[in-house]
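Let the hints inform the model, and build the full structure from the sequences given.
Anchor point for the sequence shown: position 157 equals 157 in UniProt numbering, and the numbering is continuous, going up by one each time.
There's no promise every hint is true.
In silico lysine-lysine, DSSO-like type, Cα no more than 27 angstroms apart, as pairs [stated by the list, open to error]: (1) Lys255 / Lys340; (2) Lys415 / Lys38; (3) Lys38 / Lys243; (4) Lys239 / Lys255; (5) Lys279 / Lys340; (6) Lys375 / Lys41; (7) Lys239 / Lys38; (8) Lys224 / Lys238; (9) Lys255 / Lys141; (10) Lys238 / Lys410; (11) Lys415 / Lys243; (12) Lys38 / Lys421; (13) Lys112 / Lys243; (14) Lys279 / Lys416; (15) Lys416 / Lys38; (16) Lys227 / Lys243; (17) Lys30 / Lys340; (18) Lys410 / Lys38; (19) Lys421 / Lys41.
The hints are simulated quantities; they were obtained by calculation from the structure and are not laboratory data.
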Amino acid sequence: MAKGGGFYAVAAGRSTGVFTTWAECEAQVKGFTGGRYKKFKTNGEARTFIDDYNRQHGIVALSEAPATNPNSNPTANPKRPREETIAVGQPPSQKLKQAAQGTFYAVAKGLKTGVVTSKQEVDAMTVGYPGRSVYKEFDSKQAAVSYLATFATTSQNSTSLTSILKNEASQPRVSQQKSALGDDVQLKNAAPKGFAGAEATADVDAQLADTSSKPGSWWYAVAKGRKTGVFRTWAEAKKQVEKLFSASFKTFPTKEQAEAFVSQHAAASKVLAGDPDPKDPDALVAFCDGSALQNGRRGCRAGYACIFPHNEDWNVAKQLVEERATNNRAEYMAALEAMKRADLEDPEGSRVLFIFSDSMLLIRSMTEWVQTWQKNNWKKADGQPVQNRDLLELLMAEKRNRRVRWTHVKAHTGKKDWRSKWNDVADNAARGAALSVGVED
Numbered sequence: 001m002a003k004g005g006g007f008y009a010v011a012a013g014r015s016t017g018v019f020t021t022w023a024e025c026e027a028q029v030k031g032f033t034g035g036r037y038k039k040f041k042t043n044g045e046a047r048t049f050i051d052d053y054n055r056q057h058g059i060v061a062l063s064e065a066p067a068t069n070p071n072s073n074p075t076a077n078p079k080r081p082r083e084e085t086i087a088v089g090q091p092p093s094q095k096l097k098q099a100a101q102g103t104f105y106a107v108a109k110g111l112k113t114g115v116v117t118s119k120q121e122v123d124a125m126t127v128g129y130p131g132r133s134v135y136k137e138f139d140s141k142q143a144a145v146s147y148l149a150t151f152a153t154t155s156q157n158s159t160s161l162t163s164i165l166k167n168e169a170s171q172p173r174v175s176q177q178k179s180a181l182g183d184d185v186q187l188k189n190a191a192p193k194g195f196a197g198a199e200a201t202a203d204v205d206a207q208l209a210d211t212s213s214k215p216g217s218w219w220y221a222v223a224k225g226r227k228t229g230v231f232r233t234w235a236e237a238k239k240q241v242e243k244l245f246s247a248s249f250k251t252f253p254t255k256e257q258a259e260a261f262v263s264q265h266a267a268a269s270k271v272l273a274g275d276p277d278p279k280d281p282d283a284l285v286a287f288c289d290g291s292a293l294q295n296g297r298r299g300c301r302a303g304y305a306c307i308f309p310h311n312e313d314w315n316v317a318k319q320l321v322e323e324r325a326t327n328n329r330a331e332y333m334a335a336l337e338a339m340k341r342a343d344l345e346d347p348e349g350s351r352v353l354f355i356f357s358d359s360m361l362l363i364r365s366m367t368e369w370v371q372t373w374q375k376n377n378w379k380k381a382d383g384q385p386v387q388n389r390d391l392l393e394l395l396m397a398e399k400r401n402r403r404v405r406w407t408h409v410k411a412h413t414g415k416k417d418w419r420s421k422w423n424d425v426a427d428n429a430a431r432g433a434a435l436s437v438g439v440e441d
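This is the structure we're talking about:
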């Protein structure tokens with residue numbers, strides 16, 4: 001064990017990895033905007049914290065600089081499997097699919113950045129990079145360029161990325177219109193910890209602004225931002241969404257489609273006059289969290305917790321026993337417990353259920369993507385099957401017609417406000433369940 005009784009996990013900083021002294025850790029995070037770190041008792045827990053963080057933010061490490069001297073800390077940055085890419089929205093037309101067939105790699109952080117078509121090119125752009133290189137694999141050039149655009153709005157490398165995007169963004173884009181939702185979503189100041197120098201990032205399924213198009217080619221709909229509405233140029237829209245994690249925006253070929261997108265979002269996120277305050281003791285409120293040690297690997301120890309602040313005797317904390325348990329599946333199971341309890345207490349489904357979670361994947365899966373996945377026979381926009389379909393189907397079946405207000409809360413803030421307090425309770429219960437010390441329901 002490290003001197004001082006712990007291991008310091010740095011998931012976002014100048015260098016990332018597991019450090020054995022506070023001085024080394026502090027050097028990576030002090031003054032670094034968006035730094036993410038935590039102290040643990042064991043090296044395994046510290047490593048898992050970094051893995052979970054990377055998985056939640058879609059970060060894939062090709063090459064990583066050692067956190068300390070390799071001879072003294074050889075496990076600081078082990079290789080980890082590449083994560084799946086969550087594609088959002090309607091599938092592209094067959095014509096565009098045929099035109100965009102192949103494999104494309106978006107290198108967002110490395111010696112060079114851009115879109116390439118082979119692993120050899122990726123290696124040339126990332127191996128030897130003094131830090132954590134970031135890349136993702138896509139089935140279309142459009143998707144790869146879009147990923148770079150999202151990264152560029154938050155990255156300290158945005159200047160170089162923007163110049164690359166101007167050359168890359170010549171492919172026609174597929175306009176997608178969000179379907180009307182039955183749930184409300186509240187994303188409260190959720191800064192992404194995975195992007196250096198970012199106060200916040202844009203909606204993950206936001207389409208790339210066509211910087212190569214002539215002004216007037218597209219209509220830019222900002223459904224959630226500093227100012228909402230339909231804009232004629234990307235420059236105007238960008239001011240409303242840049243570095244804002246809760247932003248929701250898309251491009252459309254017609255003004256009517258853009259206006260419809262804004263209107264639908266406003267209707268879906270509207271707070272009804274009769275809604276109770278979630279702090280009201282009579283409100284149905286659940287804080288949900290999942291935890292996975294050695295996430296996604298054989299022998300993973302996972303658990304989930306559903307905490308009811310107004311009725312603690314309802315609390316659930318269970319171990320998730322599966323061959324390849326994951327943090328995401330644990331998050332879904334926690335939400336499922338919330339819906340089951342709501343059905344027991346209110347079989348008619350007339351009362352709104354408040355679910356607080358630090359999982360953006362859970363929230364966006366249930367509020368933005370699942371209806372499209374159902375219509376497309378549980379296929380993503382890239383044609384690949386949706387992960388965790390079994391649990392998503394259970395969630396939708398249990399939810400039925402009940403209105404759910406989903407609220408994102410930041411994890412591990414150290415704050416003492418009501419939301420942070422109960423999110424920490426859920427986090428500790430889920431971790432305890434993963435370690436088989438939680439309370440079985």
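Evaluated hints:
1. Taking the CA atoms of Lys255 and Lys340, the gap is near 42 angstroms; set against the 27 angstroms cutoff, the hint is violated.
2. The suggested pairing of Lys415 with Lys38 holds, with an alpha-carbon distance near 15 angstroms, which does not exceed 27 angstroms.
3. As the CA atoms of Lys38 and Lys243 are separated by approximately 24 angstroms, the hinted pair is consistent with the 27 angstroms bound.
4. For the hint pairing Lys239 with Lys255, the CA-to-CA distance comes to about 19 angstroms; that is within 27 angstroms, so the pair holds.
5. Between Lys279 and Lys340, the direct Cα distance comes to roughly 21 angstroms. Compliance with the 27 angstroms bound is thereby established for this hinted pair.
6. Proximity of Lys375 to Lys41 is assessed by CA-CA distance (about 46 angstroms); at most 27 angstroms being required, the pair is judged violated.
7. Between Lys239 and Lys38 the alpha-carbon distance is near 33 angstroms, which puts this suggested pair outside the 27 angstroms criterion.
8. With a CA separation close to 12 angstroms, the supplied pair Lys224 and Lys238 stays within the 27 angstroms bound.
9. Straight-line distance between C-alpha atoms of Lys255 and Lys141 comes to about 26 angstroms, which keeps the hinted pair within the 27 angstroms bound.
10. Between Lys238 and Lys410, the direct Cα distance comes to roughly 24 angstroms. Compliance with the 27 angstroms bound is thereby established for this hinted pair.
11. As the CA atoms of Lys415 and Lys243 are separated by approximately 23 angstroms, the hinted pair is consistent with the 27 angstroms bound.
12. With a C-alpha separation of about 17 angstroms, the suggested pair Lys38 and Lys421 falls inside the 27 angstroms cut-off, and the hint holds.
13. The straight-line distance between the Cα atoms of Lys112 and Lys243 is roughly 23 angstroms, inside the 27 angstroms bound, and the hint therefore holds.
14. Between Lys279 and Lys416 the CA atoms are separated by roughly 15 angstroms; this keeps the pair inside 27 angstroms, and the hint holds.
15. With a C-alpha separation of about 17 angstroms, the suggested pair Lys416 and Lys38 falls inside the 27 angstroms cut-off, and the hint holds.
16. A distance of roughly 14 angstroms separates the Cα atoms of Lys227 and Lys243; the hinted pair therefore holds under the 27 angstroms criterion.
17. Restraint check: the Cα-Cα separation between Lys30 and Lys340 comes to about 44 angstroms, which exceeds 27 angstroms; the hinted pair is violated.
18. Straight-line distance between C-alpha atoms of Lys410 and Lys38 comes to about 14 angstroms, which keeps the hinted pair within the 27 angstroms bound.
19. A hinted pair counts as satisfied when its Cα atoms are at most 27 angstroms apart, and Lys421 with Lys41 qualifies at roughly 22 angstroms.
Consistency note: the structure conflicts with the earlier hints numbered 1, 6, 7, 17.
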